[in-house]
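There are 2 protein chains.
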Amino acid sequence: MPESVSAAIEAFAALPGIGSRSAERLTFRLLTDQNNLAVRLSSALTEMKNNVKECDQCCFLTDENTCEICMDTRRDTTKLCIVESPLDVLALERTHEFRGRYHVLHGVISPLRKVRPEDIRLTELYAHIEQLPDLNEVILGLGGSTESEATALYIMEQLRGRFSGHVTRLARGIPSGSELDFLDAGTLGRAMTERREW
Amino acid sequence: MPESVSAAIEAFAALPGIGSRSAERLTFRLLTDQNNLAVRLSSALTEMKNNVKECDQCCFLTDENTCEICMDTRRDTTKLCIVESPLDVLALERTHEFRGRYHVLHGVISPLRKVRPEDIRLTELYAHIEQLPDLNEVILGLGGSTESEATALYIMEQLRGRFSGHVTRLARGIPSGSELDFLDAGTLGRAMTERREW
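Going down the list, the protein sequences come from chains A and B. If you're matching positions, the first sequence starts at 1 in our numbering and goes up one per residue. If you're matching positions, the second sequence starts at 199 in our numbering and goes up one per residue.
Okay, chain A solo, but in the shape it has when bound (with noise of 0.2 Å):
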């Protein structure tokens, strides 16, 4: 095999999800492809890695200074959302239920990963709050794992002194279209202690 090829496949199978053999298939339809998308992926790539960083208030990612939900003067800087990864963004933004600023902390404190709070955004999260006048409510956008509990919890009491106003987390219950004997005991104990009023 050339050398080429071989580097290619290697590079596809140390992405996440990806194994040797479908590293194979994507690294020789990228050879026989007709619409130059290898050449596209490849500076895509390079550009990408060059130019984009995180921005300098949300830590989201931009090739500016400051990304472009945060230049966008028509978002509600009264209610900002702390979440994982600029994934998290993506995702949020697809729901359409959420029109304010986003702070990305691209992890979460843990312990066993070696992962300590000064190692994710905060310090940046503290001064973007003190970037917002006018915020009412912090909304603590991060996943389900204990991890990520554990660190919702960790920035409550931080904010604690920095922030006065309301303090909110996702709601944990049932995802939609699930059936309930489907669902793990934590979720489902989690939809019925937290139970709403109809």
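Note that these hints are calculated values from the structure, not bench results. Some hints here could point you the wrong way.
[To be verified] If you anchor each label on the Cβ, the simulated ranges turn out as follows:
{"#": "1", "chain 1": "B", "residue 1": "Arg219", "chain 2": "A", "residue 2": "Asn136", "range": "31 to 37 Å"}
{"#": "2", "chain 1": "A", "residue 1": "Ala127", "chain 2": "B", "residue 2": "Arg219", "range": "30 to 36 Å"}
{"#": "3", "chain 1": "A", "residue 1": "Gly17", "chain 2": "B", "residue 2": "Asn248", "range": "26 to 32 Å"}
{"#": "4", "chain 1": "B", "residue 1": "Arg358", "chain 2": "A", "residue 2": "Gly17", "range": "43 to 49 Å"}
{"#": "5", "chain 1": "A", "residue 1": "Ala13", "chain 2": "B", "residue 2": "Asn263", "range": "24 to 30 Å"}
All C-beta atoms in this analysis are idealised placements derived from N, C-alpha and C, irrespective of residue type, glycine included.
Given chain A, work out where chain B should sit, using these hints.
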């Protein structure tokens, strides 16, 4: 979203088996990856597109004129296995059951998809066969689809007059480890009609 990030997501999503969510996840993984994976992938793809071509004998992939398999003097030049794609060469090499030469067609004849006999590497196949004076077996290593079988039949006919040795094809039957009641009737039927003496 920065344009290069969207471009990378789009390029990933254009690959077979990668949906838009996976494409996002792969792109963000590359953005935050510590091992320079994005750069490795990007440069492997560029190099691959610039340097990799078809072997002048067997049409497998190479960055020289002739591929390593055709250059390897220890390979058995009495046997030639015709396959559809470079991936099939890798798959057969992994079995360690074949030490002869290959010939890669880069496709199968398909009237539906407008692939004619002259669109696959048949001229190269006839030339390759002429270059192997002690060739005594041509193995039709094509897949099990109707198009593959029709292509194999077409090649069989074309080989008359060009090659006087044995023409064989891969055995058809039940896959290793499979249970009979999970198999389709075509596979099982063929395994029955082509049964062998124990």
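So, going through the hints one by one against the coordinates:
no. : hint                              : result
1   : B:Arg219 <-> A:Asn136: 31 to 37 Å : 33 Å, holds
2   : A:Ala127 <-> B:Arg219: 30 to 36 Å : 32 Å, holds
3   : A:Gly17 <-> B:Asn248: 26 to 32 Å  : 28 Å, holds
4   : B:Arg358 <-> A:Gly17: 43 to 49 Å  : 48 Å, holds
5   : A:Ala13 <-> B:Asn263: 24 to 30 Å  : 28 Å, holds
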